[in-house]
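Got chain V sorted already, so can you dock chain S onto it with the hints?
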Amino acid sequence: MADLNHMLKLLNELDDQIVGCMRCGMCQSVCPVFAETGREADVARGKIALLEFLSHEMIKDAEAVKERLDKCLLCGSCAAACPSGVKALDIFIKARAIITAYLGLSPVKKAIFRGMITKPALFNNLLALGSKFQGFFTTPVNDIIGSSCSKLLSPLLGDRHLLSLADKPLRGNGTIDTAPGLSGLRVAFFYGCVVDKMFTSVGEAVLKVLRHHGVGIYMPVDQVCCGVPSLASGDLKSYEDLVRMNLKVFGKGDFDYILTPCGTCTSAFHHIWPLMNSGFSQSERETIAMLADKAMDINAFIADKLGVSKAEPAAGAKTVTIHDPCHLKKSLGVSGQVRTVLGANPNLKQVEMAGSDVCCGCGGSFNLQHYSVSTKIGKKKRDSIVATGADVVAAGCPACMMQIADMMSQAGDRIAVKHPVELYAQTLG
Amino acid sequence: MVSQSLKQAFVGIVGAENVMDAEADKHSYSYDAAVLDPVLPALVVRPSEMDQVGRIVKLCNDNGLPLTVRGAGSNLSGGTIPSKGGIVLLSNALNKILEVNEEDMYAVVQTGAITAKFAAAVAAKGLFYPPDPGSQAVSTLGGNVAENAGGLRGLKYGVTKDYVMGVNFFDVEGNYCKSGSKTVKCVTGLNIPQLMVGSEGTLAVMSEFILKLVPPPQAAKSMMAIFPDIMTASRTVSAIIAAKVVPCTLEFMDNFTIGAVEGFAKVGLPTDAGSLLLIEVDGHPAQVAEEAEKVEAICKANGCTRIQVAKDAVERNKVWEARRAALSSLARLRPTTVLEDATVPRSKIPAMMQALDKIAKEYKLTIGTFGHAGDGNLHPTILCDRRDKEEFHRVEKGVDAIFEAALGLDGTLSGEHGIGLAKSRWMEKETNRASVLFSKRIKAAVDPKNVLNPGKILGE
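Line by line, the protein sequences are chains V and S. If you use the numbering used here, the first sequence closes out at 429, no skipped numbers anywhere. If you use the numbering used here, the second sequence closes out at 889, no skipped numbers anywhere.
Honestly, the hints are just simulated from the structure, not real lab data. No false leads were slipped in.
Looking from chain V toward chain S, a few residues come up when the C-beta cut is under 7 Å (computed):
| # | residue |
| --- | --- |
| 1 | Cys-24 |
| 2 | Gln-28 |
| 3 | Ser-29 |
| 4 | Glu-40 |
Ideal Cβ positions, reconstructed from N, Cα and C, are used throughout, including at glycine.
Chain V with its partners taken away, still in its complex shape (with noise of 0.2 Å):
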C-alpha cells in the first residue's frame, strides 16, 4: 500500500481536475475504443464520470471503476480534442495509481513489475534467455515484416503475429560515451526496452546519424525502463524505482538533448515524469525537470536541430506511408519532422494515408487485457496503410511498429514496417 498522504493528494488533484468535463462528450469522436464498443464507460467521459462517483462517494465498488478505467489506450486523443482542455490522460494515470494503491497489484503484475523489469540485470538475462530459444517456440510467418507466430498455444500470446527479439540487444554494444563533433552537439541516447531488446537496427540506425552529424553520444548501458508500463498499471512503487534508477545515470546532464526513438519514452521524459513526481525530493525533482527540457524526439532532432535538405524522390522511389504515433503527435506534437526526415530519402516517396493520427490501439498492455478490441482497431489502421498501396509504413514508436506488424502479418501484407530514423540513416553513406 503506497503512503495514504501521497493517495490522498493526488486524489485532492483529480477531483480538481475531473471538475472540468463538461460532459460535452466530444471525447466520443476521437476514442479508437468507444468506436469499437459504443460504450460510455469506455470513453473519458464515462470514466470520469465514474471517478467522480469515487472521489465523491469514496470507494464503493473500485473493482468495477478499475475495471473499465483499464479500458483504455492512454492514447490522449480524448484531451487532445477536449473543448475544454481536461487532461483525461493525466487524470486516468493519477487514477490508476489511487486505485492500485487501494486494491492491490495483482500478483502477475506484481511479478513482471517488481520481480523483472525494476530487476534490470535479471530482466535483461531472461530475455537474453528467450532470444536464444524462441527458434524453437515459433515459426516465421513474413520475411519483408520479419514477423513469426507461436508453435505453442499460448494464451498470453493467442495468434498473435511476433517480431523476434534480437541476438544480441542494443547494450551489446556497450557504453558509448564520445565527445561532441562537427555539430558541437552532445546527446544522451535512451533507447527505450523494445528498441533495446528487439528492434536493435533503430537503435544502430540513430548511433550512425548521431556519428554521422558529428553528434557526441553518451549512450549508457545501465538505464532501465522509463516507467510508463508500471505506472500505466497504477503500479506506483516500481514506477518510482525505475524513475530514480535513471535519474543516478542521467541526473549528471552533462549533454545538451536526451533523445529517444521512441514517442512514448519522450513522452515520459517531458510530461509524465513532471506530471507524477510528488513522491520524489527536491533534487530528484529538478533533475525530472531538467530531462524534461532536454527530452527530445529523434525526428524533432535531426529536423529541427540538425537540419537535413529534402530530397526528390528518385526514378523507382518506394512508397512510404506514414503513421502518426499518439504519444509522438497528441503529446508531444512531432509529426511534420518525421515527414521533413523521410522527406530526405530520394528513394521515398510519401503517400498519406486516411486517419495517419487514429490510434493503431496497440496502447502497452491494453492489447494484452483486450486483444479482441485491440485487434478491431488495428485491422482499420492496416486497412488505412494497404489503401495507399504503400511498399512502407514508418511509425515512430516501437510499441505501434510492433502492432501494426501484428496486423500486416496476419493479413498476409508484404509491407515492410520501419522506424523513420531506419529510413533515414539509409541514405547516410
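Only chain S this time, still in chain V's reference frame:
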C-alpha cells in the same frame, strides 16, 4: 431496480453483452451535457436491430418501466437523463444510412447515425444537409430530431425540423408506425413527423427518418467585422437583414468572449473591441460577391471599426477558427460551464444584451455571450465552480433571470437546445396553461402509463 426475470427478458431480446446493470456502467448513463444532477438508470440496453427496439418498448410498457432513449448524450437540457430511473435504450448501434437518393434529394437514415458522418456521406454524393449543431461530431440524428437541434446555419437554412420529411417510430406498445413521405409534397393526415420533432422521446421511440437534402451552395464568402460596442453590432445585424441579404451564418461574440478567445486561441482578435460579427454569405458566385460587398458596406456604415474579408479558404478558416474557439476558450476559465440558449427576436438583441449585463451584475456572475445573432439565438455562458454551493445558487437564480428576460422580450426558452428537465417548469410561462394541458393530453393519449421519457418538457 429491475427484477432478475425482467433483466433476463431484456437479455433475451438483445443478448447478455448488450444489457448493463453494473453500478459502474449505470453511472456512465446517468447524465448528459446539461449541468444537472445525475440519475442512475436501473438497466441499460443496446439494441442493434430495429425489431429489438419494438420488443424493448413493449416490455417497458407492459411493466410500467420508464424508458429513456440515448444517442450520444450530448444534449444540453437534460433530455437524456433517466430522471425516473428505469431503462436507458442506447441507439448508437442503430446507425445505418439506408438510402441517399440523389434524384429526389432525400435520405433515409437510422436514428443512431452520427450527424457529421451523415452530412459527409451526403456531401460525397454532391448533396447538402444543412443542420450543423455544435455537437455534430458526436450527436445522433435521432437526438437532433428529438431536440430539434439548430446550428450555425439556422438563419438561412433553418433547423432540423425544416429537413424532416418522415419519421418511422415504435409506439409505446411496440407497434411499428410510419409517417411522412419521400415526396416533396405530402399532406396526408396529421403532420405526425413534425409532432415528433422536438418531442424529446416523450411520444414514441423514433427509429428512422426521411430527411430532405438540398443542393450545396456553389460558393461562400466569410468576413469578420469588429465593432466598438454591442449596440453598433446589433444594429448592423438588423441592417443586413433589412437590406434583404440573408447570410447563411451571422455570429456574434461579446467583449468578454473575444478576450477569452484571444487569451486561449490567439487568433489575432482585438481584445478592446466591444463585439464582433462573423458573417458568411453563400450561394451562386455572382450573388455571393454582390452580397459580400453589400454586407461589408453595411458594416462600415454602422460603425464597424475594422472588417476582414477572407480572400481564400485559408483566411475563411481563420474567421471560423475564432468562432469554433469561443466555447472552448470560455470553458477553460472556470471549472463549470453553464451554456444557455435564450433566444429573442433579432431586433431585441440589444435589450437582451443589456439584460444579461444587469443579471451578471445583480448575481455577481461571469457571463460570456456568443451565438447566432442572425436568428436571435444567443448563448449566454455562465462560468462558475459547481462545487461552490453559494456561487452555484447564484448561477441558478441567474439562469432563471435569463429565461425571464428572454420571455419578457417576446423570446423563447430555447432556440436549439430543447426543454428537457432544465426548462420544463417554464413552459406555461412561454405558452399558457391551456397549451400545456393540450400537450399533456396528447402525451397521455399516446403514452397512458407515462413510460416514455417521463418528466421531460411538460414536467410532472
